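Undergrad: Read off the chains here:
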Amino acid sequence: MDAPARRRFISVLAGLAAMPLLPVRAARAQPDPFAPLILQVTGGAPVKAGRVTIDTPRLADNGHSVPLKVSVQSPMTAADHVRSITLLSEKNPRPVMATFHLGPKAGRAEVVTRVRLNGTQRLLAVAQLSDGSFWSGSAEVEVTESACLDAS
Amino acid sequence: MTGDWFAHGFFCLALRVFLTGAHLRLCAVPSLLVFALTASAAESQRPVPSKSGIEFASADIRALQQDDFANPGMLWIVRGEKLWREAAGKESNSCASCHHDAQASMRGIATRYPLLDPGTARLINLEGRIMQCRERRQQAEPLRYESEELLALTAYVAHQSRGMPVNVTIDWQNRHNFEAGRALYYRRVGQLNLSCAQCHAENWGKQLGPETLSQGHGNAYPAYRLEWQTVGSLHRRFRSCLSGVRAEMLPYGAPQYVDLELYLAWRANGLTIETPGVRR
Amino acid sequence: MVARVQLPREAKSGEVIEIRIAIQHPMETGFRYDLAGKPIPRNVINSLACRYNGVEIFRAELGSGIAANPYLQFYTLAEASGEIEFSWVDDAGERGSERASIAVVS
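Protein chains in written order, with this note's numbering: chain A, 3 to 154; chain B, 509 to 788; chain C, 4 to 109.
The shape of chain A in the complex, shown without the other chains (with noise of 0.2 Å):
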């Protein structure tokens, strides 16, 4: 090819190498997995994201059981706590994991479990406050398979 053609074509390799290494992710053209299950959650009310925060390993051992922590910002007062949280998978067959339900009493708002993650996966915690309102954080585990088969 000639000149021009040939810096353009090596222009966009050198374009398509700078792109992040990571798996590309075609979930941003698609509709997002979590809506109907914000809107079982939520009932159609919005939901910020924030105050919400997941604590799960960035690459875990096993998806059998996946340490998971999940804690919300709150002053946890009888006027302004968290009134539940539900835990969202992206890729498990059953997404809605689990909800817990807190209160004023609580203390402090945090959870602390293991998980089973079919795959690597985001995962969402809807909270609810006593207000009414919800906030949402996320987070994203690698889930590798075993290196062998394990038939015993």
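If you are wondering where the hints come from, they were derived from the structure by calculation, not from laboratory data.
Computed from a predicted model, the values in this text were never measured in an experiment.
Note that the Cβ used here is the ideal one computed from N, Cα and C, for glycine as well.
One or more of the hints may lead you astray.
[Unchecked claim] Below, a sample of chain C positions facing chain B; criterion: calculated Cβ distance under 7 Å:
(1) V5
(2) Q9
(3) R23
(4) Q27
(5) A71
(6) N72
(7) Y74
Got chain A; can you put chains B and C on it based on the hints?
TA: Just chains B and C, lined up with the frame of chain A:
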């Protein structure tokens, strides 16, 4: 298996020469002598430095094993403690009837297993001893290998030696078991044609897929494996590895596994018992 | 069902205390098959509640997305001495309970 150790010896020797230059000094010595050598030559087969599987585990698993409440294996210890005091059999005796407080009577016991049962002159592991006691002393219904009850009792007994170093002795009485175990350890098996040694002696510390290969010690067993979502025995772990290399799995309690356990225990000498361990 | 509860034996009034529970339960998903090829029916602890002197302070609706041998850790304000009691039920209808005492000093 033990019958063809002579021919197998040459095979193993050839394998070792092929795979590890470090063993070249042995290639001038006939296989017969290799196996007749005292522990000093076999010393070279212990990994250096010796590291428990927990050292190859992630931060999460290390934290989980160390947390005596969150460690899921501890649920089996609680169950084991209940079973220890539960009456069974003709005379309605419990383990406690003879052995009283396990914390005292069972302390250090697991560090010496597997060992030769004086009555039958056969190598017996901890599970085997518990099954034997149950059948002969308590005269109760036998416990199946890998049953919840046997797992709980074995874990409970082994747990009483937690923190103590593995301490098996190889002498003229169990040497043939030791050598059978070692032969199995170095034998290539399965469709993938791999031996225990290739992963756990020659490539520990390296990656196999997303996982870091450990040295393959048994000091944390019975252990809670995330993959199993339950506590399992060392024999289950053997079966798991055998299926991993697409080899036929021997049944639970197979004498070949018990011989292998002896070799593994010798290999792990000095590492501390961690039961109930947590592994992925 | 073997279950263990951990919480401080003593706390100051108004202190936020950590409560932990671990239950031996397979949390069978319903997606697994036995060696004969038959599907193993789903059986998970679906509901768990914690009461402090009779008043519910925490409740969880759980599913197969919670790992086997479920572990939960949460918090509560130490108010009065008494009993912290757990109760749960699984899909098969089997119930479990566990309790621990707490002494609250002012």
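Undergrad: Answer holds if the nearest beta-carbon of chain B is closer than 7 Å to that of N72 of chain C; otherwise answer violated.
TA: 4 Å, holds
Undergrad: With a cut-off of 7 Å, does the beta carbon of A71 of chain C approach a beta carbon of chain B closely enough for the hint to hold?
TA: 4 Å, holds
Undergrad: Does R23 of chain C pass the interface check with chain B, least Cβ-Cβ distance below 7 Å?
TA: Holds, about 6 Å.
Undergrad: Close enough to count: is the Cβ of Q27 of chain C nearer than 7 Å to one in chain B?
TA: 4 Å, holds
Undergrad: Closer than 7 Å between Cβ atoms is the bar; does Y74 of chain C clear it against chain B? Give me holds or violated.
TA: Hint holds; Y74 of chain C Cβ to chain B Cβ min 6 Å, cut 7 Å.
Undergrad: Interface hint check: Q9 of chain C, Cβ to nearest Cβ on chain B, cutoff 7 Å. Holds or violated?
TA: 5 Å, holds
Undergrad: Is the shortest C-beta separation between V5 of chain C and chain B less than 7 Å?
TA: With a minimum Cβ separation of about 5 Å from chain B (threshold 7 Å), the hint on V5 of chain C holds.
The structure agrees with every numbered hint stated previously.
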